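Order-wise, the sequence lines are chains A and B. When the letters of the first sequence are read in order and numbered with my numbering, they come out as residues 7 to 711. When the letters of the second sequence are read in order and numbered with my numbering, they come out as residues 1013 to 1312.
Just so you know, these hints were derived from the structure itself, not from any lab. Some clues are possibly wrong.
Straight-line distance between alpha carbons at most 27 Å, and here's what the computed DSSO-like set of lysine-lysine pairs gives [as the list claims (entries may be wrong)]:
1. B:LYS1031 x A:LYS580
2. A:LYS626 x B:LYS1092
3. B:LYS1044 x A:LYS626
4. A:LYS662 x B:LYS1275
5. B:LYS1019 x A:LYS626
6. B:LYS1084 x A:LYS690
7. A:LYS480 x A:LYS462
8. B:LYS1044 x A:LYS580
9. A:LYS576 x B:LYS1275
10. A:LYS493 x A:LYS464
Beyond 12 Å from chain B on every Cβ pair, some chain A residues (computed) [stated by the list, open to error]:
11. GLU89
12. GLY105
13. LYS428
14. LYS525
15. LYS580
16. PHE622
17. GLY664
Computed from a prediction, not measured in an experiment: that's the story for all the values here. Note that the Cβ used here is the ideal one computed from N, Cα and C, for glycine as well.
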Amino acid sequence: MTFDQKKWQQLAEKEYKCSPEDKVWQALPQLKIKPVYSKKDIDKNTNADTTPGLAPFIRGPRATMYTGRPWTIRQYAGFSTAEESNAFYRNTLASGGQGVSVAFDLATHRGYDSDHERVIGDVGKAGVAIDSVEDMKILFDGIPLDKISVSMTMNGAVLPILANYIVAAEEQGVSQDKLSGTIQNDILKEFMVRNTYIYPPAPSMKIIGDIIEYTSKNMPKYNSISISGYHMQEAGADPILELAYTLADGKEYIETAIKKGLEIDQFAPRLSFFFGIGMNFYLEIAKLRAARRLWSEIVSEFNPKSEKSKTLRTHCQTSGWSLTEQDPHNNVIRTTVEAMAAVFGGTQSLHTNSLDEAVALPSEFSSRIARNTQLILQEESNITKVVDPWGGSYMMESLTEEIYQEAKKIIKEVSDEGGMSKYIETGKPKLNIEKSAARRQADIDSGKEVIVGVNKYKVENEEDVDILEIDNHKVRISQINRLAEIKSRRDENEVSKCLKDLEEASRSNSGNLLELSVKAARARCTVGEITLAMEKIFGRYTATHHTATGVYKETNMDENFWAQIENDIKFFEKKNGRRPRMLVAKMGQDGHDRGAKVIASAFSDAGFDIDIAPMFSTPKEVSNQAIDNDVHIVGVSSQAAGHKTLIPDLIKELQKNGASEIHVICGGVIPKKDYDQLYKAGVKCIFGPGTPITHSINEVLKLLK
Amino acid sequence: MIDNLVKSITDGDRRSISKALTIVESTTDKDKKITAELISKLFPLQTSDIRVIGFSGITGSGKSSLIEEYGKLLLEENKKIAVLAVDPSSPVHGGSILGDKTRMSTLSNHQNCFVRPVPSKFNHGGISRSTREAVSIFSASGFDYIFVETVGVGQTEYSVSETCDCFIVNLLPATGDELQGVKKGINELADIILINKADGALETQANITVNEYKKTLNKPIIATSIYQKDTVKNLANLVSEFFDTKRDIVQKKRLNQINKWAKSLAISHLASTLDEINLPTMANPYHAKNEIIKKLKTVI
Chain A
7 MTFDQKKWQQ LAEKEYKCSP EDKVWQALPQ LKIKPVYSKK DIDKNTNADT
57 TPGLAPFIRG PRATMYTGRP WTIRQYAGFS TAEESNAFYR NTLASGGQGV
107 SVAFDLATHR GYDSDHERVI GDVGKAGVAI DSVEDMKILF DGIPLDKISV
157 SMTMNGAVLP ILANYIVAAE EQGVSQDKLS GTIQNDILKE FMVRNTYIYP
207 PAPSMKIIGD IIEYTSKNMP KYNSISISGY HMQEAGADPI LELAYTLADG
257 KEYIETAIKK GLEIDQFAPR LSFFFGIGMN FYLEIAKLRA ARRLWSEIVS
307 EFNPKSEKSK TLRTHCQTSG WSLTEQDPHN NVIRTTVEAM AAVFGGTQSL
357 HTNSLDEAVA LPSEFSSRIA RNTQLILQEE SNITKVVDPW GGSYMMESLT
407 EEIYQEAKKI IKEVSDEGGM SKYIETGKPK LNIEKSAARR QADIDSGKEV
457 IVGVNKYKVE NEEDVDILEI DNHKVRISQI NRLAEIKSRR DENEVSKCLK
507 DLEEASRSNS GNLLELSVKA ARARCTVGEI TLAMEKIFGR YTATHHTATG
557 VYKETNMDEN FWAQIENDIK FFEKKNGRRP RMLVAKMGQD GHDRGAKVIA
607 SAFSDAGFDI DIAPMFSTPK EVSNQAIDND VHIVGVSSQA AGHKTLIPDL
657 IKELQKNGAS EIHVICGGVI PKKDYDQLYK AGVKCIFGPG TPITHSINEV
707 LKLLK
Chain B
1013 MIDNLVKSIT DGDRRSISKA LTIVESTTDK DKKITAELIS KLFPLQTSDI
1063 RVIGFSGITG SGKSSLIEEY GKLLLEENKK IAVLAVDPSS PVHGGSILGD
1113 KTRMSTLSNH QNCFVRPVPS KFNHGGISRS TREAVSIFSA SGFDYIFVET
1163 VGVGQTEYSV SETCDCFIVN LLPATGDELQ GVKKGINELA DIILINKADG
1213 ALETQANITV NEYKKTLNKP IIATSIYQKD TVKNLANLVS EFFDTKRDIV
1263 QKKRLNQINK WAKSLAISHL ASTLDEINLP TMANPYHAKN EIIKKLKTVI
């Protein structure tokens, strides 16, 4: 028996009570998925039956995949202080974790020491504060760095952090050639989505070249870069955009290293990847399969001699954005589905999110459940017994081919612009990702995309989930004390010599900046000092913003709603002589601007005049901007737990400067239990994760009445 | 109340300057009346030392970033700077995104600077109705430099040039055919022409463009890039030179502008009076016109 298209269509029409054509799913603007696939769909596909471990590696970078050894369970975590994080890592390693993955706080990411005035609200938030090698030594105390691989999410302050890690190991008695692990070091995507850069694009790329050069000489087991799509997906990119831009970034890094005079085989095997895995199950599996094929073709253009250079090895993380504040236990199930997609896609290591990550850093309980999710997949489900079990599936092979083709088109577009650095300058990739995010938000707000517990099957009375609280003030004081202690004991002549050398090398564009940073770290120069030495020459970069307009309204076509809003705005304008005006601001060093961008875009679609504050502003600066622009409202987007200090400070500043009539509202990752404190401080509306923007537009208009 | 406002504006109080800017932008009758009174009182307080510089160019030509770099140089000389950045409103939904502060982050956060983005509200295809009034407010409150930044599209260039002392047109490096067609209007209006974004791959093309334009235009033309600080200094020097050597031209411009401003005030006054006149339907437009004029004479 073989598949009979005609007969199936007849049967399907009866069962559907409509044409099967109507059941074709428009999964993405450029991608349709049919209700059924057959052998015909892969007849012309010459890559539908490939061998695992051989180019183009669709079925996996290794021949035996999980049948030989399962993926590495690698949970990303960092808790305010080096001591707490160290205790967490040790505990994780003792209970089944297989590697350490360090999350740094925002101040460290942006190259500021904890005593810097710009980071008062950021120290110890969203990760561990590291100011010097002494902090780094505490972080890895009792963890043998020659045996345990360490992954570090660091892109801005890569030089001082990597240098401190190398010196911390050295003082533990482990030489740098024995170090294994990964540093993210993927600056291109920071300019697109995450905004934790420090220097402008050109010197940032030089730094990457220096790191690749240094590690390929001195640290053969170390992955010098983790080319990341994860943050693009979190910022709203669909799987094809994520895939295409990530690989285009990878291509740009290869070219940078080759310009440095390195041979492709010297460094290509040390390039690793990092993808996000969302709820789009089939697409995510196909994405990883297509990624390996694309990468092996991209690397082949550079004529490698070793097959190893062509393999794409990746870490995956389940999507944090897909987690909800509402009915949070559902997040365990979401994470499980996403983890399975990552595993079926053939990931080399995996982080599963904790159920409370929509509102806070993981608690001990939630981290255990997250880790167990992977352990159960590895040890109970028997999923690991077969290599690439989706191989040969008519649907999966077709989908892999289609995603491959679509991503290839985008990669070509990037190459035609002269590579990713140039493409980023045009502002197009950022804008495309933001459009994709606004479209998605409109689909969710209009109920077209279902999120259980958020826009369907809502729970009336939700029970509270215990979450971890961080006393940011205490962390900052203890960091400041330790900084003072280090500075009192070090050799100042040596310090200033090291810093001068760094500055000089930056000026003359000579020498290897990582090598000089290692020397500086050894002399107890701090993260902030090392960063500043180069900043004197390179400058500190601020991204300019293009914001998409019109997309939200086009996608969410609830005409009654828009008509009502138009009326309200007209009424307001007639009475006040101008449209409602809102300043959308992010404060502190948190660079996640998806929320802010989507809000700006949707509110301007609704007819508001929207001001956008520069990234990384302080409360005082935002207050000044609000006053100068004479806005009616300041909308603060907060993703990184700084809300409890930064937002009340903003309100105080406004009051102090005679502008208490300017309303302050906020949204983002804010735990319910903080709402009262914020209302008391004077916040007028709080919009938690999952609030439809249509609802917030209405609430804001009510506030202005 | 107006006198208090005038006093706090001349004292340089930010909140008052900001409120006054809102009043002159406002479309309500009440605010229009206040505007008339306010500006008549502020106008005599302006100093002649102030420098009003218009900056025009298409979206993406790098105006804001260039003003940021130029402004930083002026801040080093302890100058006080105001920027009025006019952003296009969306014709579809009427809202706008005012992102200028992200491109002028130093100026936006500096105590000697005042950056005010203004939605264009479709007037003159890009310039705000209240630009002149805003300039008056800034000059009465002691700023040394006022930048008026606009998206240049056709007619706008005329409107901006009528509000400033020195009009700078910001162009991009051109290629091939584009090199031939320098707009005639630019030559007439511009005091200085910049070929901006002259860095990286575009640097050579920018210099070619400068040389090509020099052949047909009798104006100072330079290549600029925010990544090459000396080009920003060149710009600053050109502007200083302009104000130092062309005092009489600036004087003439200013008198001319007051005339035009008065005329446009009169026209909008007449226009709104016209709207209030009810006429019986008439078959002949010329007869109707005569009737309107008759009525206008009685009303005014």
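We went through each hint and held it up to the structure:
1. B:LYS1031 x A:LYS580: 18 Å, holds
2. A:LYS626 x B:LYS1092: Roughly 20 Å between the alpha carbons, so the hint for LYS626 (chain A) and LYS1092 (chain B) holds.
3. B:LYS1044 x A:LYS626: 32 Å, violated
4. A:LYS662 x B:LYS1275: 42 Å, violated
5. B:LYS1019 x A:LYS626: It holds: about 25 Å lies between the C-alpha atoms, which stays within 27 Å.
6. B:LYS1084 x A:LYS690: Distance of about 37 Å is beyond 27 Å: violated.
7. A:LYS480 x A:LYS462: 41 Å, violated
8. B:LYS1044 x A:LYS580: Status holds; Cα separation ~13 Å.
9. A:LYS576 x B:LYS1275: Given that 27 Å is the threshold and the Cα spacing comes to 30 Å, the pair is violated.
10. A:LYS493 x A:LYS464: 55 Å, violated
11. GLU89: 36 Å, holds
12. GLY105: It holds; GLY105 (chain A) is separated from chain B by about 38 Å at its closest Cβ, greater than 12 Å.
13. LYS428: Nearest chain B Cβ is 8 Å from LYS428 (chain A), so the label is violated.
14. LYS525: 30 Å, holds
15. LYS580: 8 Å, violated
16. PHE622: 8 Å, violated
17. GLY664: Label violated. Min Cβ-Cβ 5 Å, cutoff 12 Å.
Violated hints, in rising order: 3, 4, 6, 7, 9, 10, 13, 15, 16, 17; the structure is consistent with all others.
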